[in-house]
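Visitor: The listed protein sequences correspond, in order, to chains A and B.
For the first sequence, this note's numbering gives the first residue as 132, with consecutive numbering after it.
For the second sequence, this note's numbering gives the first residue as 132, with consecutive numbering after it.
Don't read these hints as lab results, they were simulated from the structure.
Among the hints, a few may not be true.
Any copy will do: because identical chains look the same in the list, a pair fits if it lies in one copy or spans two.
The calculated lysine-lysine pairs, modelled on DSS-like cross-linking and capped at a C-alpha distance of 30 angstroms, are [stated by the list, open to error]: (1) 404 <-> 317; (2) 261 <-> 404; (3) 151 <-> 261; (4) 404 <-> 245; (5) 426 <-> 344; (6) 404 <-> 239; (7) 317 <-> 245; (8) 344 <-> 404; (9) 245 <-> 294; (10) 239 <-> 426; (11) 239 <-> 151; (12) 317 <-> 239; (13) 426 <-> 151; (14) 151 <-> 317; (15) 317 <-> 426; (16) 317 <-> 344; (17) 261 <-> 286; (18) 261 <-> 344.
There are 2 protein chains.
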Amino acid sequence: MSLTVVGSVAFDALETPFGKRERVLGGAATHFGLSASFFTEVNAVGVVGGDFGEAEWDVFRRHHINTDDIEVVPDGRTFFWSGSYDYDMNTAHTLDTQLNVFETFQPKLSDRSKNAKLLFLANILPALQKDVRLQCADARFVAMDTMNFWISSMKDAVIETIKAVDCIIINDAEARQLTDEPSIYKAARLILGYGLRAVVIKRGEYGATLFTKDGYFTTPAYPLESVFDPTGAGDTFAGGFMGYLAAQNDINDEVLRRACVYGSVMASFNVEKFGTERVDGLDYPEINQRFRDFKLMTHFDDIPFERSVAV
Amino acid sequence: MSLTVVGSVAFDALETPFGKRERVLGGAATHFGLSASFFTEVNAVGVVGGDFGEAEWDVFRRHHINTDDIEVVPDGRTFFWSGSYDYDMNTAHTLDTQLNVFETFQPKLSDRSKNAKLLFLANILPALQKDVRLQCADARFVAMDTMNFWISSMKDAVIETIKAVDCIIINDAEARQLTDEPSIYKAARLILGYGLRAVVIKRGEYGATLFTKDGYFTTPAYPLESVFDPTGAGDTFAGGFMGYLAAQNDINDEVLRRACVYGSVMASFNVEKFGTERVDGLDYPEINQRFRDFKLMTHFDDIPFERSVAV
Chain A
132 MSLTVVGSVA FDALETPFGK RERVLGGAAT HFGLSASFFT EVNAVGVVGG DFGEAEWDVF
192 RRHHINTDDI EVVPDGRTFF WSGSYDYDMN TAHTLDTQLN VFETFQPKLS DRSKNAKLLF
252 LANILPALQK DVRLQCADAR FVAMDTMNFW ISSMKDAVIE TIKAVDCIII NDAEARQLTD
312 EPSIYKAARL ILGYGLRAVV IKRGEYGATL FTKDGYFTTP AYPLESVFDP TGAGDTFAGG
372 FMGYLAAQND INDEVLRRAC VYGSVMASFN VEKFGTERVD GLDYPEINQR FRDFKLMTHF
432 DDIPFERSVA V
Chain B
132 MSLTVVGSVA FDALETPFGK RERVLGGAAT HFGLSASFFT EVNAVGVVGG DFGEAEWDVF
192 RRHHINTDDI EVVPDGRTFF WSGSYDYDMN TAHTLDTQLN VFETFQPKLS DRSKNAKLLF
252 LANILPALQK DVRLQCADAR FVAMDTMNFW ISSMKDAVIE TIKAVDCIII NDAEARQLTD
312 EPSIYKAARL ILGYGLRAVV IKRGEYGATL FTKDGYFTTP AYPLESVFDP TGAGDTFAGG
372 FMGYLAAQND INDEVLRRAC VYGSVMASFN VEKFGTERVD GLDYPEINQR FRDFKLMTHF
432 DDIPFERSVA V
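Produce the complete structure using the sequences and hints provided.
Guide: The structure is reproduced here in structure tokens:
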């Protein structure tokens, strides 16, 4: 099944304890698309400026991502974000945000993008997310992200969009903020109550947790001794998750569990190098080896305890 | 195999967002012993004052814990700790500590306690831990806890004790403090380097992680919507972990993994009520049901990804 993603395409300037980059390819649709491209055909919907060059397009081409719906504004500049991390890699410090052509982004979907069976609404204005969702009437499974800024400034619009999708993939702080509920377990149940099939809570170095009507599943993060650059990890997770779902015949709880693990696998690669470098160069044996590592590090035999000597 | 625990027996005064108790049975050896008693025979080594009453002894008796080595100082008072928690249940705020008879605690081990095949050194002065460890020459598997106070005031003594045991069970902040290493993965490898067979890092609401020479295993915490009182959760974890090991014929990586899960199972019950109330009233079907829940919430099928359409 094909998969469409709508979201930002950007240049990032990054500084982490491990180094610095003045300008790398970034953006939610980029990280998501690259990650998902290992699993399925991806249509990316976004906007870039005239400064978006062949080196950048090449990344998309290498991964056979359909960029017909990435609009080019020749006299505009691409969305630019600059951020730094200190040793607590869970928190990004924004140094500069220049929305540029992204400020007036109006997603324009070709029939090919509209007809995708799966749709991911990356973090953009909630009303735009809902508008895109309604354009993709035949989508079988639609997931969305959002962010603290929209939750604090227009929670009602965020909730309206949630009611129009099948799955939300957000981090723990956002789940708490959305529901005013400190327990992520209660928060996730409340969000499921909007009619979703699945709520996925991203917990950074602690992994990810999946809530469905009947199920609960949790996967750790991969135990990396050094996280090099966490930018885009959440979108890379979502790309692995949705890409894996798109490659399956059916979406049920068992498949959603494996999708969480593949999402975690892809995110674990993303943070090993700056920007898109690591995922850009990935291959299938590496992906499957890490998937196996996740199995190894969480497996235990289901042997109930029986006391041999009665007390 | 029998199991000896050396540590505090105490009265606790507790205040959490869910209620208040003026005086409940507590202490590391108590929480550990109760938890372990579901799996094996336990000898408890500690000290109490004349204020330790029949109601308290009854808790130990109900669980067939050998209390011969709990010394009674008739004109002394039992160790008393008073603490409170706010909604972030990960942090206890100490309101009062009265060491009382525990201040001059000198563990005295009967032959029965000395001959136990497993030994747990709960959080006491590192030199006393080492002394007890040397008295139990035949112990096949010895584990220890410690705390930030000893690590900051006598790190060398803590390390000397670590070198004399097989396993350490500490929380993530303590692992970082012990090694001056922010990554718990690097910290655990450094601690393993002291010659341990296993390092278990307790991560509160995020579960527990086991490091061995060849293996890595992580289990989440049980998803409780409300944590009622976290006091003693770490010792209850250690009790389930060591108790389960004591009930097995062999201690290998697979068994250590299940021990982590049984530890997490027991800790998840401990926090559901004040003090020892919940674990005191547990039964085997409940324990095995929750163990099965841990399996259900972490299981996924090991199916590597194969892309059906070549790109």
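Visitor: Compare the structure with the hints numbered earlier in the document and write down the numbers of the violated ones, lowest to highest.
Guide: When the structure is compared with the hints, numbers 2, 3, 4, 6, 7, 10, 11, 12 and 13 turn out to be violated.
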